[in-house]
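Student: Residue numbers (this note's numbering), protein chains in the order written: chain A, 1 to 340; chain F, 1 to 363.
Treat the hints with care, since some could be wrong.
Unchecked claim - Distance condition first, Cα-Cα at most 20 Å in a straight line; then the derived SDA-like pairs of lysine to any residue:
#1 A:LYS145 / F:ASN226
#2 A:LYS168 / F:LEU269
#3 A:LYS168 / F:ASN226
#4 A:LYS168 / F:ASP245
#5 F:LYS289 / A:SER152
#6 A:LYS145 / F:ASP100
#7 F:LYS272 / A:THR173
#8 A:LYS168 / F:MET280
#9 A:LYS145 / F:THR69
#10 A:LYS145 / F:GLN265
#11 A:LYS145 / F:VAL124
#12 A:LYS145 / F:LEU269
#13 A:LYS145 / F:ASP245
#14 A:LYS145 / F:PHE363
#15 A:LYS145 / F:LYS272
#16 F:LYS272 / A:THR166
#17 A:LYS145 / F:GLY97
#18 F:LYS272 / A:THR169
#19 A:LYS145 / F:ASN70
#20 A:LYS145 / F:ASP67
#21 A:LYS221 / A:GLY208
#22 A:LYS145 / F:MET280
#23 A:LYS145 / F:ALA282
#24 A:LYS168 / F:GLN265
Said to hold, decoys possible - Computed far set for chain A versus chain F, every beta-carbon distance over 12 Å:
#25 ILE21
#26 THR36
#27 GLN88
#28 ALA106
#29 LEU121
#30 ILE125
#31 THR215
#32 PHE225
#33 GLY300
#34 ILE314
#35 ALA319
#36 TYR323
#37 LEU335
If you are wondering where the hints come from, they were derived from the structure by calculation, not from laboratory data.
Note that beta-carbon positions come from the ideal geometry of N, C-alpha and C, so glycine has one too.
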Amino acid sequence: MNKKLKSTFKSNEIYIFLIIIALGILVQIRSGQFFTGNNMVDLLSAMIVPGMFAVAEFLAIIAGGIDVSFPALASLSAYASTRILLDQNYDGNVILAFVIAMAIGALLGAVNGFLIGYLNLNAMIVTLGTSSVFQGFMQGALRAKQLSVIPSGMKEFGTNSFITATNKTNNLTSILPYTFIILLIVCAVMFFILRYTIFGRGIYAIGGNPVSAHTVGFNVKRTKFFMYIIIGMIAAAGGICRVCMMQQMHPTNMLGMEMNIIAGVVLGGVALTGGAGTLIGCILGTFLIILVQNSMILLGVPTTWSNVFVGIVIVVGVALSAYQSIRTEKTKKKLVKEAA
Amino acid sequence: MKKGIAALLCATMVLGLTACGSDTKETSGEKKAEASPASENQSQLASDEAVKKASDEGWEIAVVPKDSTNPWFVRMDTGVEEFADTTGVNCYQIDTGEIDATHQAQMVEDLIAQGVDAICVVPVDVESMDVVLKKAQDAGIVVIAHEGAELKNVDYDIEAFSNAGYGAFIMQNLAEAMGEEGVYTTMVASLTNGSHNEWADAAVEYQKENYPKMTLLEENPRVESNDNGDTAYNAAKELIKTYPDLKGILGTSSYDAPGVARAIQELGLQDKFFTTGTGMPADNAELLKSGVIKSLTLWDPAMSGQAMVSLACKVLAGESITAPLNLNVDGYTEMTEREGSKTVLEGQGWVTIDADNVDSFGF
Numbered sequence: 001m002n003k004k005l006k007s008t009f010k011s012n013e014i015y016i017f018l019i020i021i022a023l024g025i026l027v028q029i030r031s032g033q034f035f036t037g038n039n040m041v042d043l044l045s046a047m048i049v050p051g052m053f054a055v056a057e058f059l060a061i062i063a064g065g066i067d068v069s070f071p072a073l074a075s076l077s078a079y080a081s082t083r084i085l086l087d088q089n090y091d092g093n094v095i096l097a098f099v100i101a102m103a104i105g106a107l108l109g110a111v112n113g114f115l116i117g118y119l120n121l122n123a124m125i126v127t128l129g130t131s132s133v134f135q136g137f138m139q140g141a142l143r144a145k146q147l148s149v150i151p152s153g154m155k156e157f158g159t160n161s162f163i164t165a166t167n168k169t170n171n172l173t174s175i176l177p178y179t180f181i182i183l184l185i186v187c188a189v190m191f192f193i194l195r196y197t198i199f200g201r202g203i204y205a206i207g208g209n210p211v212s213a214h215t216v217g218f219n220v221k222r223t224k225f226f227m228y229i230i231i232g233m234i235a236a237a238g239g240i241c242r243v244c245m246m247q248q249m250h251p252t253n254m255l256g257m258e259m260n261i262i263a264g265v266v267l268g269g270v271a272l273t274g275g276a277g278t279l280i281g282c283i284l285g286t287f288l289i290i291l292v293q294n295s296m297i298l299l300g301v302p303t304t305w306s307n308v309f310v311g312i313v314i315v316v317g318v319a320l321s322a323y324q325s326i327r328t329e330k331t332k333k334k335l336v337k338e339a340a
Numbered sequence: 001m002k003k004g005i006a007a008l009l010c011a012t013m014v015l016g017l018t019a020c021g022s023d024t025k026e027t028s029g030e031k032k033a034e035a036s037p038a039s040e041n042q043s044q045l046a047s048d049e050a051v052k053k054a055s056d057e058g059w060e061i062a063v064v065p066k067d068s069t070n071p072w073f074v075r076m077d078t079g080v081e082e083f084a085d086t087t088g089v090n091c092y093q094i095d096t097g098e099i100d101a102t103h104q105a106q107m108v109e110d111l112i113a114q115g116v117d118a119i120c121v122v123p124v125d126v127e128s129m130d131v132v133l134k135k136a137q138d139a140g141i142v143v144i145a146h147e148g149a150e151l152k153n154v155d156y157d158i159e160a161f162s163n164a165g166y167g168a169f170i171m172q173n174l175a176e177a178m179g180e181e182g183v184y185t186t187m188v189a190s191l192t193n194g195s196h197n198e199w200a201d202a203a204v205e206y207q208k209e210n211y212p213k214m215t216l217l218e219e220n221p222r223v224e225s226n227d228n229g230d231t232a233y234n235a236a237k238e239l240i241k242t243y244p245d246l247k248g249i250l251g252t253s254s255y256d257a258p259g260v261a262r263a264i265q266e267l268g269l270q271d272k273f274f275t276t277g278t279g280m281p282a283d284n285a286e287l288l289k290s291g292v293i294k295s296l297t298l299w300d301p302a303m304s305g306q307a308m309v310s311l312a313c314k315v316l317a318g319e320s321i322t323a324p325l326n327l328n329v330d331g332y333t334e335m336t337e338r339e340g341s342k343t344v345l346e347g348q349g350w351v352t353i354d355a356d357n358v359d360s361f362g363f
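Start from the sequences, fold in the hints, and give me the full structure.
Tutor: Written out as structure tokens, the structure reads:
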């Protein structure tokens with residue numbers, strides 16, 4: 001038991017978790033509104049789309065790469081599929097929207113995957129480039145503008161309540177839409193793949209050391225290729241969730257999200273150098289960012305200072321996780337020395 | 001462990017499936033409103049001396065939009081056509097195709113070569129357009145611009161309103177929705193956005209002078225939406241949670257009010273919490289008809305187009321242009337000079353968009 005406790009406290013996740021709790025208590029003291037059902041639901045609902053993007057980004061970073069194209073990819077796939085359904089006067093349920101968007105997302109992800117995996121180009125440069133291409137294609141070829149009406153199936157999916165929380169003191173009712181289920185599915189599936197499949201272990205292996213991964217028999221190129229396809233699919237699903245929840249499609253609305261998502265993933269203890277990090281850490285880190293962003297008003301931080309506050313939390317969090325990894329590294333070395 | 005995961009997976013799948021079941025519930029309250037921007041000013045327009053003269057002399061006045069395919073400028077074309085129909089002035093809006101600064105400059109060069117009498121332009125790019133307009137003025141052509149206050153080689157530039165005037169107008173709309181009482185706060189795209197903050201400042205100023213029962217939320221007088229409907233939505237929910245007395249949010253960017261409206265809908269606060277702000281009609285038709293938003297504010301491009309042509313007539317006729325200037329176009333009847341500028345004229349060309357007129361704009 002003692003050993004288990006020790007190892008828990010060595011992990012990065014527990015510290016992020018503690019920061020989250022501490023912040024929660026702080027917000028509770030300042031506003032008395034943190035530990036209320038509707039606030040929790042609000043936070044979870046704000047977490048849905050960034051959460052899915054974070055899982056996608058997490059994969060890229062674990063594999064030693066990075067992806068800054070996912071907002072553009074998600075926008076393009078979500079825009080194209082909403083447009084297709086609108087043009088067809090589609091009034092069925094939401095599944096078709098997800099299928100079309102994820103197919104487009106897979107295709108766009110394959111472009112990234114081909115350039116990064118098979119041509120072995122730098123992931124940052126490639127995704128910066130494809131991000132512009134996706135945006136340009138959307139604005140140029142598709143002449144994208146705001147779609148203020150979306151198919152009824154999508155609208156219902158994004159607004160019907162999965163969990164409804166009513167605050168008894170002020171009678172405010174918040175709803176958690178069904179899109180939350182999509183986030184749960186994405187997390188569950190990726191957790192399973194990363195932990196129990198050769199492909200998933202391969203993602204960790206090529207991020208840790210591509211040469212040794214290749215030597216022990218992982219197909220590095222193919223793993224990267226398929227991984228970026230999966231990233232594209234998750235991002236596209238996230239895009240559709242966003243459209244459903246907003247009840248409208250705005251083509252540029254998601255652009256610029258990448259930096260905060262990357263910050264959240266790194267906050268969760270995922271190494272930017274690749275090969276190390278957990279899905280739980282990634283989700284906790286992202287949740288911390290969402291929490292900070294959506295608690296500034298509750299905390300009473302003036303608008304002029306809220307960016308500073310968000311920045312400080314990111315820096316402190318990353319510093320903590322860096323310190324943590326150095327400490328683990330040291331103990332490992334010590335153990336190796338003792339063994340020798 | 002594996003069993004646990006399998007169970008979790010199954011559970012999420014089942015939940016996912018139930019989530020996809022849907023019941024259809026359609027609310028369509030399509031209202032057809034007539035698409036005519038006409039008013040009593042229209043009749044005065046036809047009898048205006050300068051306009052009469054323009055019609056008699058057959059002066060040719062060309063309007064150059066940014067992008068003639070954009071619904072905004074299609075609406076402007078409607079206004080210009082109506083001007084021609086009611087007054088007999090030879091004015092028309094040219095077809096520019098897609099938005100393109102170089103192409104627009106080329107079209108103006110062509111108009112100069114054709115020898116039109118006046119060019120009214122909404123510039124895509126101020127710098128490149130200014131060079132071409134110099135040529136037009138050298139050729140003796142009257143140049144009127146709209147939304148191009150930085151242009152130097154123009155006779156006049158028309159702005160629909162002053163920032164202060166528009167801010168006050170948004171406040172009038174919010175006050176009406178709130179019943180002129182209660183606590184409100186303001187929302188801008190960012191604290192560094194020039195015009196949004198000027199509108200919000202002017203709105204607060206106007207409230208202090210005219211609505212004594214309304215108060216600005218002291219703890220948080222201005223929040224940011226980052227020009228993003230989702231941020232506006234989350235900020236609104238947070239504000240409502242934190243300040244139970246808050247009754248309204250005055251939006252400025254076109255993402256503010258629609259985002260806040262989503263929060264109002266979700267929290268079940270319709271008719272208890274109010275918002276208004278700039279908004280495009282078509283994008284917000286549903287929200288306006290459902291009553292979550294009572295009104296939005298905007299300016300009408302049809303009127304801007306008519307105001308440009310009307311002013312061109314006056315300049316061509318040699319009338320002296322002095323403030324307050326009456327162009328006999330709604331919202332442009334008491335135009336004033338912008339402080340520190342001799343060419344920029346500002347009107348009161350704001351309009352309220354509500355459930356009744358939202359379908360009449362065509363954009």
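Student: Each of the hints needs a verdict: does it hold here or not?
Tutor: Hints, one by one, checked against the model:
1. A:LYS145 / F:ASN226: 18 Å, holds
2. A:LYS168 / F:LEU269: Holds. A:LYS168 to F:LEU269 sits at ~15 Å (cutoff 20 Å).
3. A:LYS168 / F:ASN226: 32 Å, violated
4. A:LYS168 / F:ASP245: Holds: A:LYS168 and F:ASP245 sit about 16 Å apart, inside 20 Å.
5. F:LYS289 / A:SER152: Between F:LYS289 and A:SER152 the Cα gap is close to 17 Å, so the pair holds against 20 Å.
6. A:LYS145 / F:ASP100: Holds. A:LYS145 to F:ASP100 sits at ~17 Å (cutoff 20 Å).
7. F:LYS272 / A:THR173: 14 Å, holds
8. A:LYS168 / F:MET280: 37 Å, violated
9. A:LYS145 / F:THR69: Holds, at roughly 13 Å.
10. A:LYS145 / F:GLN265: Violated - the C-alpha atoms of F:GLN265 and A:LYS145 are around 24 Å apart, more than 20 Å.
11. A:LYS145 / F:VAL124: Status holds; Cα separation ~18 Å.
12. A:LYS145 / F:LEU269: Judged against 20 Å, a Cα distance of about 30 Å means the pair is violated.
13. A:LYS145 / F:ASP245: 37 Å, violated
14. A:LYS145 / F:PHE363: 12 Å, holds
15. A:LYS145 / F:LYS272: Measuring from Cα to Cα gives roughly 32 Å; hence the hint is violated.
16. F:LYS272 / A:THR166: 17 Å, holds
17. A:LYS145 / F:GLY97: 17 Å, holds
18. F:LYS272 / A:THR169: Since the Cα atoms of F:LYS272 and A:THR169 sit roughly 16 Å apart, the hinted pair holds (cutoff 20 Å).
19. A:LYS145 / F:ASN70: Between A:LYS145 and F:ASN70 the Cα gap is close to 11 Å, so the pair holds against 20 Å.
20. A:LYS145 / F:ASP67: 14 Å, holds
21. A:LYS221 / A:GLY208: 15 Å, holds
22. A:LYS145 / F:MET280: 12 Å, holds
23. A:LYS145 / F:ALA282: 12 Å, holds
24. A:LYS168 / F:GLN265: 18 Å, holds
25. ILE21: About 20 Å separates A:ILE21 from the closest Cβ of chain F, which puts it past 12 Å; holds.
26. THR36: 8 Å, violated
27. GLN88: 17 Å, holds
28. ALA106: Its Cβ never comes within 12 Å of chain F, the nearest being 19 Å, so this holds.
29. LEU121: Fine: 32 Å to the nearest Cβ keeps A:LEU121 off the interface.
30. ILE125: Per Cβ check, A:ILE125 is outside 12 Å of chain F; nearest 27 Å; holds.
31. THR215: 29 Å, holds
32. PHE225: Holds: least Cβ distance 25 Å, greater than 12 Å.
33. GLY300: 6 Å, violated
34. ILE314: 17 Å, holds
35. ALA319: 26 Å, holds
36. TYR323: Check passes; 31 Å lies beyond 12 Å.
37. LEU335: Correct as stated: the minimum Cβ-Cβ distance to chain F is 26 Å, above 12 Å.
Going down the numbered hints, you'll see the structure goes against 3, 8, 10, 12, 13, 15, 26, 33, while the others check out.
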